[in-house]
Every structure is written in C-alpha cells, then in structure tokens.
Amino acid sequence: MYQNVLEVNSLVKKYGEFSLKEVSFKIPKGYIMGFSGQNGAGKSTTLKCIMNLIKYDSGSINVFGLDNIKHSTDIKSRLGYVSEDHYFYDHMTVEWTGNFVGSFYERWEKELFNKLLNRFNVDKTKKVRELSKGMKTKLSLALAMAHMPELLILDEPTSGLDPVVRNELLEIFLEIMQSGDNSIFFSTHITSDIEKVADYITIIDNGRVVVSEDKDSILDKWVVVKAENRYLNDNVKKSLIGFKEGDFGYSGITNEFEWFKDRFNADFPEGNLITSRISLDEYMLRVVKEGGICV
Amino acid sequence: MFKLILKDYRTQKAFFGIYGSFAIALSVLYGYPFVKTGKLSDDILTQNSIIALFIYIPIYLLINYLFYQDYKHDAMKLILTFPLNKKEIVFSKYLFSLILLIMPVFVFVVFSGVYVIALQLSGELFFQKLITLGSFSFAFLVMFSINLPWYFKYDYDKAIYFNGYISTIIFFIISPVLVLRQLDNGILPEYLQTTISRLPKIGATSIVCMLFVSMFFLIISIRLSERILVKKEI
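Chain order of the listed sequences is S and G. One rule links them: number in our numbering = place in the first sequence (from 1) + 16. One rule links them: number in our numbering = place in the second sequence (from 1) + 466.
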C-alpha cells in the first residue's frame, strides 16, 4: 500500500530553452497540494510529465507507488485529469461526451456523472460548444470525477473563471476530500485558491522547486515586519528579505523573527515593531521572486 | 480499441449516410454496364476512372476528414489522457481507415456478382473486374500506408500538403498504369505501350504479389506510426 499518492523525484526535462531542474515533491494520500508559480515556471510541463504526455530526460515519477511510464494505463484508469484547455468534440452533446469518455473507464458511474452534472448545473442535452468556459471546466471536472479517481490532477482549473464560479469549484474540491481517500493536485497561479483549500504547497520558479511543504509550516515560518523609517539601519535592512521602503516606514520578511527582534531591540530600544502573518501572495512576491530564496 | 473505432464512426456519422448511399447508388448504376461490356477495352478505362473518382476519392476524403476532426478538436490530447496504450490508438485509426476502404469495395463486388449471376455473364468479366478493383485497392493501401504516419507525426494542416502530393503521384499515376497494363487496344502512345507491355501481366499471381506488397507497406506504416506516437510530445 502506498503512502504517497504522487512522488516526483529529481525530474529533469529540457524543453527548448526552458528546462525543469531536478523537480522533486510528494503528496501524501488524502491531501490537497497546490502547485504554484508564475506563467511559464514549469507547472504544465511537470503535469504533462506526470500524465506521461511528454517524456522526461531523467528522474522518476511514481503515482500510487507505480512507475508512471511502465504502468501508464493502470495509473490513468485510477486518476482524473483536467487540462487547462478543454478538449472536446464540441459539436457533440454533453451526454454523448459522458458516454464517450465513460466507455474507457471500467469504474465509470453514469449515475454519478449525471448527479455531478446536476450539481454543477450543466445541461446534458446541450452541445459542448454552447457551454461557457466555466461550464466546460465543470464538465471536465464531472468527467474526471465520474470514475471515482483516487487522485485528481488539475491544470489551472480556476484560470479564467469569475470569482463566484471559482469559489464554487474550490468548495467542490473540499467536498471531494470529505471521503478521506482522495487526493488532489492542482496547479494555479492564483495564490488565494491555494490558501483556501490546499494542505500542501509546492512553488516552482523558472523550472526549479523553490519550496514544497505543508501550507501552515510555510506561512507560520515567515513573519512580515513593519516599522517607521527612523528605526532603520543597515543591519536591519540586511536581515530582511523582500525589503521595501516607503515615505514613512519600511517592511520586510523574516523567517527568524526572534533573532531579528533581538537585533532590532538592541539597535532601537525605543523602536516599535509591527508584525503580521504572511499571506501566500506576499510569500510568492517577496520571498520567492524578490528574495530569490530556494528552500 | 473498438471504442475508439466507434468514436470515429460516431463523430463522422453524418457523413456515413451520404457516403453509404452514394457507394450503393454507384454500385447499382455502374455495376451493370461494367459487367455487361462484352470485351475488355476502352470501357474499362472509363469505368475504372469512375471508380477512382467516385469511390476512392470519397474514401480518401473521409480518411482525411477523420484526422481533420481529431485535429480540429485536439482529440489526441484528450485521448492520450485515457487509460489506453498508444498502440491501440494507432491501430484503431488504421483499422477504421481499412473498414472505410473495404466496405465500398465489398458493396461493389456484391452488386457486380449479383449482376453476373442475374445476367448470366461470363466469369472472366467478373474476375477482370475483381483484378481492377484489387489493383486500385492495393494502390490505395500503399497510398494511405504512406499518408497516415504523417498525420501522427505532424498536425493535420501540415501533413495534408505532403499527403496531397504523395497521393496524387501514387494513386493517380501508378494505379492507372496498373489498370492500363490490362489493355491491349493501342490507345496509348507506342513508347508507353512498350513500357507497359514489359510489366508482368496482371493476373491472379500479380494480385497476390500486390497484396503482399501492400500488406508489407501497411505493417511498416503501422509500426512507424506507433513509434511516432510513442515519441510524440503533446
């Protein structure tokens, strides 16, 4: 029995000028992992490698404890995949699409598919081309879920959707997880989506994994500090990551707050330090991009 | 694999009605004069041209349309996420294309057979007609054996240009030569007649040889397409 539903080890893939550099992460069974990074960071390439849609140069990928190339067919029958762009025979109806996709899965539950369509308000008599982007995403999700996959892999599922539909989809993710045995791996560049539903976060930047940890560890580790400009010297400035100075005050981030506080108090005994919990957005912006941190 | 064939059928279903009716109508209309002709002469050339135009060209267009549909809907990107192995995907395409080829030929043969029996025509005429159909079919097989790997290698919009040229050369030059070999009526220029007459006479042995050659092309083509799809990055 496998413990990690997905394990990516030292994945290398050269793709023209871009390359994935020793990408490694794992998702424990029964959890949601958000996979984030800027556009072009390597999210989709990693997902395609996992799905065996493209070949990788070195490294290994295990899904359900099985090699993703040797056991590709078995693995694909046990996972659901939603790509960023939706590929359908759009002149066919939703019902036809369900029957067509379902015919390839042994565990396909037609009733569950119909139930999901009702839940998502997708009219099964409509032709796929008549559906909006949000509806197509919901259809893709229903298709991916109707064979009761153990792992859902979703490539930018919320991209291009309005906030209401996005929120609805995220709630559906949480519903899926209620059964306890399912896992979700979804890529997105919308950090608030990850913050809302993910248990684990992997951040990729320029083809390299910057961090892959459980969400709370990341967000608890880093603290945003703010103070007035008169309480600033070179020591303080050098101790902060993602330092920003304004007209009245400055801000920065540290993962060694106690050490920083002692240093600040030593230099400015009368200084007033304001702290707050870091958001994933700030983490991405200040720590990953500006700080250039590789954890 | 059967499900993929069924999918191809379903996505093209609208065309099948038209195409099927067309093939049957042609068989009924042209089968009769084709077998009634008493001697093997110019009429055969005319009738074979009709077969080529009205039977093989629609088959060719249907096979192209099959790949066009997949290209238009990016179907390969969807299908490759299914629990299918790539060999099945390739083989199903070939099988469906073969069905498209065999079905109308079968209809033609059946109708011609019915006419031969009903009108008590000579078996030689029927055999001659089979040879003609066989020659065209084998040429067609070779053509699509060369065509199909390109569709797996490149997108439809690129492959169609190459396949257009190849098809024209193979099908519309080689297959008439095969058929013309059966004629001895002096309608061709002398130098061409001499060249053609040097070719082995098409008979049962030649048909078997053509069958082996076209099967060889087909097997190589399937293996090549499999390798292309395995290596292809979507």
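Think of the hints as simulated: they come from the structure by calculation, not from any bench. Heads up, some of the hints might be wrong.
[Claimed, not checked] Okay, derived cross-link-like pairs now, DSSO-like style, lysine-lysine, Cα gap no bigger than 27 Å in a straight line:
#: 1; chain 1: S; residue 1: 71; chain 2: G; residue 2: 624
#: 2; chain 1: S; residue 1: 71; chain 2: G; residue 2: 479
#: 3; chain 1: S; residue 1: 140; chain 2: G; residue 2: 469
#: 4; chain 1: G; residue 1: 543; chain 2: S; residue 2: 30
#: 5; chain 1: S; residue 1: 253; chain 2: S; residue 2: 212
#: 6; chain 1: G; residue 1: 538; chain 2: S; residue 2: 254
#: 7; chain 1: G; residue 1: 469; chain 2: S; residue 2: 37
#: 8; chain 1: G; residue 1: 538; chain 2: G; residue 2: 698
#: 9; chain 1: G; residue 1: 543; chain 2: S; residue 2: 37
#: 10; chain 1: S; residue 1: 30; chain 2: G; residue 2: 624
#: 11; chain 1: G; residue 1: 479; chain 2: S; residue 2: 86
#: 12; chain 1: G; residue 1: 624; chain 2: S; residue 2: 142
#: 13; chain 1: G; residue 1: 538; chain 2: S; residue 2: 149
#: 14; chain 1: S; residue 1: 126; chain 2: G; residue 2: 698
[Stated by the list, open to error] The following residues of chain G were derived to be distant from chain S, with all beta-carbon distances above 10 Å:
#: 15; residue: 530
#: 16; residue: 544
#: 17; residue: 548
[As the list claims (entries may be wrong)] Stretch by stretch, here's where chain S covers chain G in the computed footprint (C-beta under 8 Å, at least three residues):
#: 18; region: 604-614
#: 19; region: 682-694
For each residue, glycine too, the CB sits at the ideal point set by N, CA and C.
For each hint, the structure was consulted:
1. S:71 to G:624: holds (23 Å)
2. S:71 to G:479: violated (35 Å)
3. S:140 to G:469: holds (21 Å)
4. G:543 to S:30: holds (21 Å)
5. S:253 to S:212: violated (32 Å)
6. G:538 to S:254: Violated, at roughly 56 Å.
7. G:469 to S:37: violated (39 Å)
8. G:538 to G:698: holds (18 Å)
9. G:543 to S:37: Distance of about 25 Å is within 27 Å: holds.
10. S:30 to G:624: holds (25 Å)
11. G:479 to S:86: violated (36 Å)
12. G:624 to S:142: violated (33 Å)
13. G:538 to S:149: holds (18 Å)
14. S:126 to G:698: Judged against 27 Å, a Cα distance of about 32 Å means the pair is violated.
15. 530: Non-interface label on residue 530 of chain G holds, nearest chain S Cβ at 17 Å vs cutoff 10 Å.
16. 544: violated (4 Å)
17. 548: Nearest chain S Cβ is 4 Å from residue 548 of chain G, so the label is violated.
18. 604-614: With 0 residues in contact (Cβ-Cβ under 8 Å with chain S), the coverage given for the region 604-614 of chain G is violated.
19. 682-694: violated (count 0)
In the structure shown, a violation is registered for the earlier hints numbered 2, 5, 6, 7, 11, 12, 14, 16, 17, 18, 19, in ascending order.
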